[in-house]
Amino acid sequence: MDTTSCSGRPQIVGPLEPEKPYPIFVQGDVVKGYGRGSKQLGIPTANLPSDAVERALTDIPIGVYYGWAQVKGGDVLPMVMSLGWNPFFKNEKRSGEVHIIHKFNDDFYGQNLKIAILAYIRPERDYASLEALVDDINMDISVAENSLGRLAYTQIKNAAFFD
217 MDTTSCSGRP QIVGPLEPEK PYPIFVQGDV VKGYGRGSKQ LGIPTANLPS
267 DAVERALTDI PIGVYYGWAQ VKGGDVLPMV MSLGWNPFFK NEKRSGEVHI
317 IHKFNDDFYG QNLKIAILAY IRPERDYASL EALVDDINMD ISVAENSLGR
367 LAYTQIKNAA FFD
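Residues in the sequence shown are numbered consecutively from 217, following our numbering.
One thing to keep in mind: the hints can contain errors.
[Said to hold, decoys possible] Calculated lysine-lysine pairs in the DSS-like style (CA-CA distance at most 25 Å, straight line):
#1 Lys319 x Lys373
#2 Lys319 x Lys248
#3 Lys319 x Lys330
#4 Lys330 x Lys288
#5 Lys248 x Lys288
#6 Lys288 x Lys319
#7 Lys248 x Lys330
Treat the hints as calculated values from the structure; they're not laboratory data.
Construct the entire structure; sequences and hints are all you get.
Now the structure itself:
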């Protein structure tokens with residue numbers, strides 16, 4: 217079976233089951249970010265507080281990851297996370313921005329967000345256009361959904377970490 221997309225990127229990334237240092241469990245209350253996820257990109261993000269990013273995510277490379285997320289004890293849902301500087305937007309501070317692959321009706325600023333990071337998708341990139349950035353994020357979402365469909369990854373939804 218071919219697991220490569222027409223963009224040349226693999227449709228599934230990561231080993232058959234998470235390997236050290238994964239899973240990495242992180243939680244914090246959602247904070248306001250730059251407001252670009254929903255407005256400019258059409259891809260809403262939940263921003264982790266900077267102390268959670270610095271405390272839990274200093275030992276992994278800058279880039280894009282996938283895993284599971286839970287907001288305030290709700291369903292455990294697939295997610296992609298950008299960890300880094302977002303060079304397209306010239307951020308001056310490293311951030312952890314989580315896109316939960318689900319349509320929410322309301323914002324959830326201040327709500328507790330729990331994530332399990334399970335694998336690395338790709339390094340952070342700069343882009344020539346906003347359209348190229350959005351295309352790559354949509355590809356990341358597809359890769360996350362395909363990669364999380366494997367049994368060893370699906371089982372982590374039931375980890376005691378989640379409510």
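Hint check against the structure, violated hint numbers in rising order: Those not satisfied: there are none.
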